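Using the sequences plus the hints, can you model the full thing?
So in the working numbering, spot 219 of the sequence shown is number 441, and the numbers just go up one at a time.
Incorrect hints may have been included.
DEER-style ranges, computed between Cβ atoms [claimed, not checked]:
#, residue 1, residue 2, range
1, G274, S539, 50 to 60 Å
2, D296, N262, 20 to 30 Å
3, E481, E385, 34 to 44 Å
4, G298, A634, 30 to 40 Å
5, E270, G330, 52 to 62 Å
6, G321, E481, 11 to 21 Å
7, S537, E471, 45 to 55 Å
Derived by calculation from the structure, the hints in this document are not laboratory data.
Because the structure is a prediction, the values reported are computed rather than measured.
Backbone N, C-alpha and C fix where the C-beta goes; we use that ideal spot for every residue, glycine too.
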Amino acid sequence: MSIPGLTPIRRLNIHEYQSMDLFTKFGAKVPNYAAATTSNEAEEKSVEMVSGGANDFVVKAQILAGGRGKGVFDTGFAGGVHFGASTLEARSLADKMLGNKLITKQSGPEGKPCNMVMVCERVYLRRETYFAILMDRESAGPCIVGSPNGGMNIEEVAEENPELIHKVTVDIHNGPEEDQLLFLSAEMGFKGNAQLEAVDNMKKLYELFIKCDCTMVEINPMAETHDGRVLCCDGKLNFDNNAAFRQKEIFSMRDKNQEDPREVFAETVGLNYIALDGSIGCLVNGAGLAMATMDAIKLFGGEPANFLDVGGGASKSMVEDAFGLLDKDDTVKAILVNIFGGIMRCDVIALGLINAVTELGMKKPIIIRLAGTNVKEANQLIEDSGLRMLIADNLEEAAIKAARVVDIVEMAEKAKLDVSFEVPL
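Below, the structure is given as structure tokens:
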């Protein structure tokens, strides 16, 4: 979800069924649901729901990406959200989803693995609305958002009908006022008892937001059923990573199978890494310098493949891990090293580079720009190693050389030439 001025910060994301578990824990109303990891289990859970009064079901693929309903599995089966008119249909749908990858507009072309489905009692809806609580940078506190147009792409609503997006800011010390929630629920179209039920749900969701260190609670739709109940029929929760130490139970829900394996590996070895879509791998110390390096690459015609900050006090092994990560990444055609040696000495980086290139048998072109503490010693180490790399005296020169080297590599690949070459000095 993206509404101008209300962008969630970097956070933990959990599955929908886990969000439903937390909604239930805090007393917000949800339809009957259950998670299943096999088609047998999906059938068993739906049979239990029949005994509770359910007639038919919704089966939802559990992946950490939006657009599931319009997604396509790698098997060709279309859609990650389906209605099933019987327990056998619920089983069949689960069988078509589990163990396959679902490709959506948010998953990337490789898709996300579906290792679990959520079987939910189908409820018949009179109205669908949108509800969210986010941290708002503009007001430096929580903001509650509601719209009468739920169950659809909220970004389109915000762009095409901004008057249908209603927001109230909240004093984080006092929480939302009753009048604020009554106003918002009325603007969302709730009336009478349904309005009171909606307000009750909002209060409980706000309690969840605060007590669990959420950065976002999103319900799309918060719906009114044909018999007047107000239910959270879908849920998405994000949590502040800085709160992991006091939200251990929640952070134990993390599903690393849904994350980029490069980012998971980088975290385990203490690297600050974010994968991007370019072809120039970056190895930099310091977040600000990393951002400047990526800007320079873009300015001179290249595309960064990652944000990679080894930090100010990285060890030689961390440097080797960083090079290993970039070397194994097939999207990286060349590596740009940009180090300012302050706390982290240039000779340490040089030793890590030499060991990584030697031990990993790295063949990718490397462009290196070193400055600061022990730069002369670092350059001497590199020169004595016999390794051939493109040396740059400044960031502009390094970015230009990296972009040119990538052009050469890509032309060689198109011509089906051997690109395992040594770049001449």
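These are the hints, each one checked on the structure:
In this structure the supplied range 50 to 60 Å holds for G274 paired with S539, their Cβ-Cβ distance being about 55 Å. The beta-carbon spacing between D296 and N262, approximately 23 Å, falls within the hinted interval of 20 to 30 Å. The hinted window of 34 to 44 Å between E481 and E385 holds, with their beta carbons roughly 38 Å apart. The hinted range of 30 to 40 Å is satisfied by G298 and A634, whose Cβ atoms lie roughly 35 Å apart.
For E270 paired with G330, a C-beta distance near 36 Å fails the hint of 52 to 62 Å. Take G321 and E481: their Cβ atoms lie about 19 Å apart, and the range 11 to 21 Å holds. In this structure the supplied range 45 to 55 Å is violated for S537 paired with E471, their Cβ-Cβ distance being about 32 Å.
In summary, the numbered hints that this structure violates are 5 and 7.
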